[in-house]
Amino acid sequence: MAEGVGDGRRLRFTVLGPVGLWRGGERLDAGSPQQRALLAVLLLRGGRVASAPELVDALWGEDPPATAVAALRTYAFRLRKALGPDAGILVSESRGYALLAGAGSLDLDVAERLAAEAEQARGSGQADRARALLSQALGLWTGETMAGVPGPYCAVQRTRLEERYLTLLETRLGLDLETGHHAEAVAELTTLVAAHPLRERLRELLMLALYRSGRQAEALAAYADTRRLLADELGTDPGAELAALHQKILRADPGLAAPRSAAREAAHGPGVISVRPAQLPADIRDFTGQSFAAKELREQLAAAEGRPMVVAAISGIGGVGKTALAIHVAHGVRPHFPDGQLYVDLQGAGPGPADPEAVLGAFLRALGTPDAAMPRGVTERAALYRSALDGRRVLVLLDNARDAAQVRPLLPGTRGCAALISSRTRMTGLEGAHLVDLDIMDPQEALALFSRIAGVEHEAAPDVVAACGHLPLAIRIAASRLAARRAWSVADLARKLADERNRLRELRAGDLAITATFEWGYGQLSPRQARAFRLLGLPCGPDISLPAAAALLGLAPPEAAELLESLVDASLLESAASDRYRCHDLVRLYARSCAERDEDPAQREAALSRLLDFYLASTAQVYVIERPGDPVLDHLEPTQWPGLVFDSNDAALTWLFTEARNLLACARAAAHGPGLRRAADLMLVAKDLAESGADDRQYVEVNAHLVAAAQRADDPRAEGRLHCPMAHLHLLAGRIKEAEQSAQAALALQLRCTDPVLSAHALNESGILASVQRRHEEAEAYLTQALDAFRHYGNRNSTASVLANLSRLYLDVGRVQEAVSLAEQALAMYQAIGATLRLASGKYNLALALAQADRREDALEQLDQVLHIFRHSRYRRWEAMTYWRMAEIHLAAGRPTQAAGLAEQALATSRGTGSTWVRANALVVLGRALRRTRHADRARACWEEALAIHEQLDSPEVADVRALLARAR
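Reminder that position 457 of the sequence shown reads as 980 in the numbering used here, one-by-one numbering, no gaps.
Please keep in mind that the hints were generated in silico from the structure rather than gathered at the bench.
Do not rely on the hints blindly, as some may be mistaken.
[As the list claims (entries may be wrong)] Calculated cross-link-like contacts (lysine to any residue; reagent style SDA-like; alpha-carbon spacing at most 25 Å):
| hint | residue 1 | residue 2 |
| --- | --- | --- |
| 1 | Lys-1210 | Asp-1170 |
| 2 | Lys-1019 | Leu-1048 |
| 3 | Lys-1260 | Pro-1065 |
| 4 | Lys-771 | Leu-803 |
| 5 | Lys-604 | Glu-585 |
| 6 | Lys-604 | Val-572 |
| 7 | Lys-818 | Gln-967 |
| 8 | Lys-1019 | Arg-1111 |
| 9 | Lys-771 | Ala-744 |
| 10 | Lys-604 | Ala-575 |
| 11 | Lys-604 | Arg-618 |
| 12 | Lys-818 | Glu-685 |
| 13 | Lys-1210 | Leu-1167 |
| 14 | Lys-604 | Glu-577 |
| 15 | Lys-604 | Ala-650 |
[What the hints assert, rightly or not] FRET-style restraints, in silico, Cβ to Cβ:
| hint | residue 1 | residue 2 | range |
| --- | --- | --- | --- |
| 16 | Arg-899 | Lys-818 | 38 to 44 Å |
| 17 | Ala-989 | Arg-722 | 35 to 41 Å |
| 18 | Ala-718 | Ala-747 | 19 to 25 Å |
| 19 | Glu-1467 | Gln-1296 | 20 to 26 Å |
Backbone N, C-alpha and C define an ideal beta-carbon position, used for all residues, glycine too.
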């Protein structure tokens, strides 16, 4: 931000762009569009009180809602909350509101102050200072004024402030011409005249700038265009000032000559004439976003005066907006480089990068060196270039550079000068360079850019910018396509972009195509890099770790790391964290298309097979660490690529939860082909992802996809192994019907194949289900068979689990002491095999038995230990269940207040875990605790919500909750 708009943690407000509220560098939530409209109205009243009727009229106009005044109070309350410790500046007076923002806190006030200072400077003959001040003022406009804010008041103010912007811009452009900056003004004026064709002042300035740049014919042609346009559009002739300028140009009036500066006329040496270059391309009026990167770069470049040469380098993937940001920043710091700005497109992303010798020749000519004095060779030209810049303050913008070697000869090398570089390659080899890695836009910035170009706002716009991966070039292309096709709606565009297979083809408008920017980078890769890039496009996960990428590429991790880092340097891959990498969504689609085009199908299949092997082998290690005594490794499909080895339970679980989305995506992709059985085994050993509540929804979706694939392949072993964990997960979530379907399917499938793992787990899940459904004799029969089956193939971990399940069954039928004994046997077995997480399950079951045996304090002691283990292991579903059970025990012990607090903990912890059944049971306990503390109405509300959940799940608890509600009436 410009001077005066807040320092440190000071509050500041913006209306010259999106209406915003900031504390230091942190943007605060200013709320809904209507709430931001209220903020804008109060800000623009400059601390004066606005009455409620005035505010209603400002926000809604002639047709306000009946609740308008109440809505105002709500908006004011929320704004105070957003203001935090400064809430007192929003005051209520005389049935209205005022915002005492303080001097210098509103960007508009700062802009007007700078404009007033500029006017004073101009009046005292300080044209350069006036120009610099106006540039700062104009820099405070960051996009459409009060973008997206509704209401008639803001609509009027938006028009006023846009007009104010153009007036100040015209004044600054006039100063440009006064101070000899006519050549650089031509590009900007050309753009502005096209955008505002009826503003005669802009056309007058353009004609004068063209004339002073030696382009008299163009200046006269500009007048002819103006006369024709005004006649066609308005039926009028050009104004007197424009007509007078035309006559002066016709006779080459000496009064039109550019002001002369002794400093600019001084020679810099034999054969060298001092010339002030102004080569920057026109700034982009609809430039949006990247405010922090722009601020960082401006600060670096603005500090160049009196310091050794400043070098700043922007890097990022193609289409992320490097050039647009560089040009925008360069225009913003022009006042700091009064001796000129040099620009070159180094064409580093294309097949023929610019030759440094040729670029130096062009720069020297721009600086006034005649061809006769031009030396040959890079070394001699670079030396003369540095001499020509000595004593000057010049900004050199080196756009689209290939690498550091191309850039080095073009650096100014003298104090007071600066170089700004944009490149897909990170300039890590450029000594002393300040590196800025440009990321994609945030969602709000992306939406603002789309709406500004397309000229529309729509609820489907977030889908469009998400399909564009928030990449500025892709958004610009999509918005331009929409603007050019009036028959299309935003929803039509979103639907076209939703299809990943055709998305890259859809992102094309005129000569702009998103694939073109990726093709340049791909074409520069070595064969090894290109192969790695193609294969990295095959996985569907959000990112990839170094070990997983090594498996995919079939390389040792150090060799893979070298390749991956080279792709990061080429901006085709991002380093998300240490040893983790990701592709932008559109880059991944492009890489995948390259793989389909350039990679042999067998090689693609082999790469994905290695990745599946890696995930299966690694996840199996996590499973075994968490379940010592389970010989699952002897019963999985063999793998050819090794997995990771973990040195602790915590490291294993951290890896599992970190890789959840990646390994599930890998399993899903293996549904068709030879990897189906390995995918099924991966789901079996990855079931902790869903049981913990961390990734329940995605796990269930992928599992269902694989079940369908196994059915098509008629593979009973794969299908059965997929049904077993699903039966268990459906039970945990209270989905009884779905659990029954999965359990019955697993039982039937285990009869069609010889698989001890499937048989034992199918029997166990069927026993648990029968117990929940209160089919006690059937449950005992299933569990007894499961116990024998697990013992038969040596699975001590699952043997302990079945003993715990039998204990729960015995509790249900009143065999309490036998239940305690079985729970103690299960716990002893978990301890003997060295279990940790499963030990918590054993303690949990023992606590339930102890509670029913009236040993409540012993039960709570066990649950306290359980809670710590589940929380440490990130098993939020079981953490919530533990809170619920503790609440039950406290309630039974006559401590309803403690019970209510624990039930609330269960509700809070269960959110986001898919544990609606746990939530319903916690609500029941909470209601009972509340009723005992004389909160009958709230208790009834808890039970009504619980009943709705149980009815939706068709749970056995429905009758119990209905009885509670009947007694409460």
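Against the structure, the hints:
| no. | hint | in the structure |
| --- | --- | --- |
| 1 | Lys-1210 <-> Asp-1170 | holds (21 Å) |
| 2 | Lys-1019 <-> Leu-1048 | violated (31 Å) |
| 3 | Lys-1260 <-> Pro-1065 | violated (33 Å) |
| 4 | Lys-771 <-> Leu-803 | violated (29 Å) |
| 5 | Lys-604 <-> Glu-585 | violated (29 Å) |
| 6 | Lys-604 <-> Val-572 | holds (20 Å) |
| 7 | Lys-818 <-> Gln-967 | holds (18 Å) |
| 8 | Lys-1019 <-> Arg-1111 | holds (18 Å) |
| 9 | Lys-771 <-> Ala-744 | holds (14 Å) |
| 10 | Lys-604 <-> Ala-575 | holds (20 Å) |
| 11 | Lys-604 <-> Arg-618 | holds (20 Å) |
| 12 | Lys-818 <-> Glu-685 | holds (23 Å) |
| 13 | Lys-1210 <-> Leu-1167 | holds (18 Å) |
| 14 | Lys-604 <-> Glu-577 | holds (23 Å) |
| 15 | Lys-604 <-> Ala-650 | violated (45 Å) |
| 16 | Arg-899 <-> Lys-818: 38 to 44 Å | holds (42 Å) |
| 17 | Ala-989 <-> Arg-722: 35 to 41 Å | holds (38 Å) |
| 18 | Ala-718 <-> Ala-747: 19 to 25 Å | holds (20 Å) |
| 19 | Glu-1467 <-> Gln-1296: 20 to 26 Å | holds (25 Å) |
Of the numbered hints given earlier, the model fails hints 2, 3, 4, 5 and 15; all others are met.
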